[in-house]
Amino acid sequence: MNTALSLSRGQRLALLSQWVCILSGCAVCLVWWAGHPLLGDDLLYACDYEARGSILTALPGQAAAVWTGCNARTGDMLNTLWLAAVPRPAAAIISCVLLAVMAWSVLRLSGMDSRRPLASAAAAGALVWCLPWRDMTHFVCFFNYPWGMAMGGIILVILLSDRRLSLWWLAALPVVFIGAATHEALAVPLGAGTAAWLAAGHGKRRLGAVRLCWLAAIFAAAAFSLSSPASYARLGAAQAPDMPLVPLLLRTVPLVLVLVSLTLLMLLFRRPLLRRLSRGAWLLFAVAAVVSALFVAVGGTAGRAGWFAECFALMALGRFWCALTPDISSPSVWKICGAVAIYAVATAYIAAAGAAALRRDAVLKHAVDIYPAEPARAVRILQEAGTDDWDIVSLPAIVSRRRP
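With the first letter of the sequence shown counted as 1, position 379 gets the number 379 in my numbering; the numbers rise by one all the way through.
These are calculated hints, taken from the structure and not from any lab test.
Check before you lean on any hint, since a few could be wrong.
[As the list claims (entries may be wrong)] Cβ-Cβ distance ranges computed for the label pairs, FRET-style:
{"id": "1", "residue 1": "Ala352", "residue 2": "Gly208", "range": "45 to 53 Å"}
{"id": "2", "residue 1": "Arg380", "residue 2": "Arg12", "range": "33 to 41 Å"}
{"id": "3", "residue 1": "Leu273", "residue 2": "Ala341", "range": "24 to 32 Å"}
Note that beta-carbon positions come from the ideal geometry of N, C-alpha and C, so glycine has one too.
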């Protein structure tokens with residue numbers, strides 16, 4: 001009796017540690033958001049909004065310009081709303097909330113919960129160490145990747161739940177479409193995954209009118225995300241890949257490679273397990289992960305290009321682990337201690353990485369502040385800080401408020 005009580009308290013301790021880890025990331029995000037200067041695409045999109053009069057009625061025209069000149073990502077098409085129309089503190093709070101939603105939804109969809117504290121901690125650690133947070137250097141990156149995964153995650157949590165959805169949920173259809181269409185590497189894999197899920201027989205059960213409408217919105221988002229002529233023009237003029245294909249995949253989508261390897265092993269040696277997994281949401285996540293990884297292979301871009309593929313792979317790997325260990329017994333003390341230790345290390349890592357990012361932001365902000373009076377010095381500061389070339393190219397917009 002005392003052992004059960006202590007383990008119950010241990011599970012609560014592990015869950016508390018998990019949320020301390022997540023909320024520490026949100027706190028870093030909030031502070032970073034408050035002080036990060038506008039450079040690169042952040043600055044230029046904000047200037048585009050100012051050039052259109054800085055009025056909300058200009059947003060449809062701005063979105064259309066992004067569609068014709070850049071891509072069909074709703075993350076980019078709506079970015080001036082968060083960059084220039086909404087006050088920075090409000091946008092920072094929204095980002096913190098969506099960051100927590102992203103972490104919670106990915107962990108929930110993976111099947112990891114307080115009943116598996118050590119496995120759940122390993123999944124949370126993967127979110128911290130396997131996702132390319134180092135590439136989240138601009139606000140527009142957040143709009144396209146963490147925000148997109150948060151929207152896609154919550155859509156899947158609701159869609160795959162057993163609860164009955166009333167007709168009121170139809171009011172969320174625009175949000176489902178916009179969220180799914182945030183990025184083509186989210187929308188198309190999500191559409192492919194849900195199509196495979198339906199083809200495997202999940203559509204035979206009564207999904208209901210609301211879920212069918214949500215599925216239609218997901219498929220429409222997948223089609224829309226590929227509709228911009230500018231995307232194909234950019235693909236045709238694409239530069240050489242960042243690195244050869246194998247190193248690119250190893251660096252950008254390692255969890256997908258693990259998932260593919262496990263799937264092949266199941267196909268060879270554990271087909272009953274593979275069939276059992278394919279009857280559930282694992283199939284949706286696995287297909288989405290592989291399709292999203294194809295965007296990495298075609299685009300040749302390392303880093304954030306694999307964001308969605310890694311998240312979907314983590315969901316599928318979590319479901320694989322749950323199927324492999326279906327019987328959940330009370331976790332031992334060492335598992336609780338291991339989980340808490342992982343969360344403690346992850347939290348410390350987040351704090352250290354956040355402090356480094358804030359120090360770098362102070363340097364960038366100094367360069368932005370002195371640019372009007374000392375442009376050459378500002379350029380040197382950014383070069384020494386290792387910023388993107390596009391950030392340096394954008395500097396004249398600080399004064400002109402126009403694209404260079």
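Quick rundown of the hints versus the structure:
1. Ala352 <-> Gly208: 45 to 53 Å: For Ala352 and Gly208 the Cβ distance comes to about 47 Å; the hint holds.
2. Arg380 <-> Arg12: 33 to 41 Å: Violated: the Cβ-Cβ distance is about 53 Å, outside 33 to 41 Å.
3. Leu273 <-> Ala341: 24 to 32 Å: 30 Å, holds
Hint compliance for this structure: hint 2 alone is broken.
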